[in-house]
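Colleague: Protein chains in written order, with our numbering: chain A, 1 to 112; chain B, 1 to 112.
Honestly, the hints are just simulated from the structure, not real lab data.
This structure is a prediction, so every number in the text was calculated from the model and none was measured.
Some clues are possibly wrong.
FRET-style restraints, in silico, Cβ to Cβ [stated by the list, open to error]:
no., chain 1, residue 1, chain 2, residue 2, range
1, A, Q62, B, T104, 39 to 49 Å
2, A, P95, B, S80, 17 to 27 Å
3, A, K79, B, T104, 23 to 33 Å
4, A, S20, B, L20, 39 to 49 Å
5, A, P95, B, N61, 17 to 27 Å
6, A, K79, B, A54, 44 to 54 Å
7, B, P79, A, S17, 44 to 54 Å
8, B, K42, A, L82, 17 to 27 Å
9, A, N63, B, S30, 16 to 26 Å
10, B, G16, A, S67, 44 to 54 Å
Coverage of chain A stretches by chain B, computed from C-beta distances (three or more under 8 Å per stretch; other residues unrestricted) [as the list claims (entries may be wrong)]:
no., segment
11, 46–56
12, 62–70
The following residues of chain B were derived to be distant from chain A, with all beta-carbon distances above 10 Å [what the hints assert, rightly or not]:
no., residue
13, Q45
14, L46
15, H82
16, G105
No residue lacks a Cβ here, since even glycine has one placed at the ideal position from N, Cα and C.
Here's the letter readout for the chains.
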Amino acid sequence: SQTIHQWPATLVQPVGSPLSLECTVEGTSNPNLYWYRQAAGRGLQLLFYSVGIGQISSEVPQNLSASRPQDRQFILSSKKLLLSDSGFYLCAWRPGQGVGYTFGSGTRLTVV
Amino acid sequence: AQSVTQLDSHVSVSEGTPVLLRCNYSSSYSPSLFWYVQHPNKGLQLLLKYTSAATLVKGINGFEAEFKKSETSFHLTKPSAHMSDAAEYFCAVTSGTYKYIFGTGTRLKVLA
Chain A
1 SQTIHQWPAT
11 LVQPVGSPLS
21 LECTVEGTSN
31 PNLYWYRQAA
41 GRGLQLLFYS
51 VGIGQISSEV
61 PQNLSASRPQ
71 DRQFILSSKK
81 LLLSDSGFYL
91 CAWRPGQGVG
101 YTFGSGTRLT
111 VV
Chain B
1 AQSVTQLDSH
11 VSVSEGTPVL
21 LRCNYSSSYS
31 PSLFWYVQHP
41 NKGLQLLLKY
51 TSAATLVKGI
61 NGFEAEFKKS
71 ETSFHLTKPS
81 AHMSDAAEYF
91 CAVTSGTYKY
101 IFGTGTRLKV
111 LA
């Protein structure tokens, strides 16, 4: 069966520090992968999506970047965190069009 | 262009009474529509989806939703609320592209 792993679950980082959040999917190949951010009291904002290794589409200009070094690995990064980067980050995957996402359990990032 | 509007940011119901969470969508093409549930500090779980088959869709935990093209709506209902239904609910739409558009969420409170 397919599973998605996302870590860490919680993270507290100082302003200006780097960030690396990792997401991996098991039990499938060539998934579409997504990073979403959920700020307090707001909906889900799509940050990046990837349809294959090395293929990254960015939805909003921001302080973050994403990479897909392997088929089932999706990494969200920042060189220098801002206070506004705080939020709940969700990784998701789906096998094809018209099929719902499967979400990871999320990472609560607090930038202090 | 696609968009989703969740008409209520908060809904309160008494345990045992019906639940109605409203979602209206806009899409240039035949949409696929989804409802997700999110418990605090957790990822999103798919409740149900509409992908151009039966307009009345049954999901998990007794939830169902009806696709009404004439009203561009996809409201989520449940005949009898349970305390465990207290959570945030998100409606999402896609029209065959790689990304989904999520609503801003409806927080459901169930009163004892």
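Colleague: Taking the CB of P95(A) and the CB of S80(B), does the distance hold inside 17 to 27 Å?
Modeller: violated (34 Å)
Colleague: How does the Cβ-Cβ distance of G16(B) and S67(A) compare with 44 to 54 Å: does it lie in that range?
Modeller: Taking Cβ atoms as reference, G16(B) and S67(A) lie about 49 Å apart, which means the hint holds.
Colleague: Honestly, do P79(B) and S17(A) meet the 44 to 54 Å range at C-beta?
Modeller: holds (50 Å)
Colleague: Tell me if the beta carbons of N63(A) and S30(B) are separated by a distance inside 16 to 26 Å.
Modeller: violated (37 Å)
Colleague: Okay, K42(B) versus L82(A) on CB: inside 17 to 27 Å?
Modeller: holds (26 Å)
Colleague: Would you assess whether L46(B), listed as outside the interface, keeps its beta-carbon beyond 10 Å of every beta-carbon in chain A?
Modeller: violated (4 Å)
Colleague: Look at the Cβ atoms of P95(A) and N61(B) and judge whether their distance stays inside 17 to 27 Å.
Modeller: holds (23 Å)
Colleague: Is 44 to 54 Å a correct range for the gap between the Cβ atoms of K79(A) and A54(B)?
Modeller: Given a distance of about 49 Å, which is inside 44 to 54 Å, the answer is holds.
Colleague: Taking C-beta pairs only, is G105(B) more than 10 Å away from all of chain A?
Modeller: violated (5 Å)
Colleague: With a C-beta cutoff of 8 Å, work out whether three or more residues of the segment 62–70 of chain A approach chain B closely enough for the coverage to hold.
Modeller: With 0 residues close enough to chain B, the hint is violated.
Colleague: Quick one: work out the minimum CB distance from Q45(B) to chain A and report holds if it exceeds 10 Å, violated otherwise.
Modeller: Not fine: 7 Å to the nearest Cβ puts Q45(B) too close to chain A.
Colleague: Using the beta carbons of Q62(A) and T104(B), state whether their distance is inside 39 to 49 Å or not.
Modeller: Given about 19 Å between the Cβ atoms, the range is violated.
Of the numbered hints given earlier, the model fails hints 1, 2, 9, 12, 13, 14, 16; all others are met.
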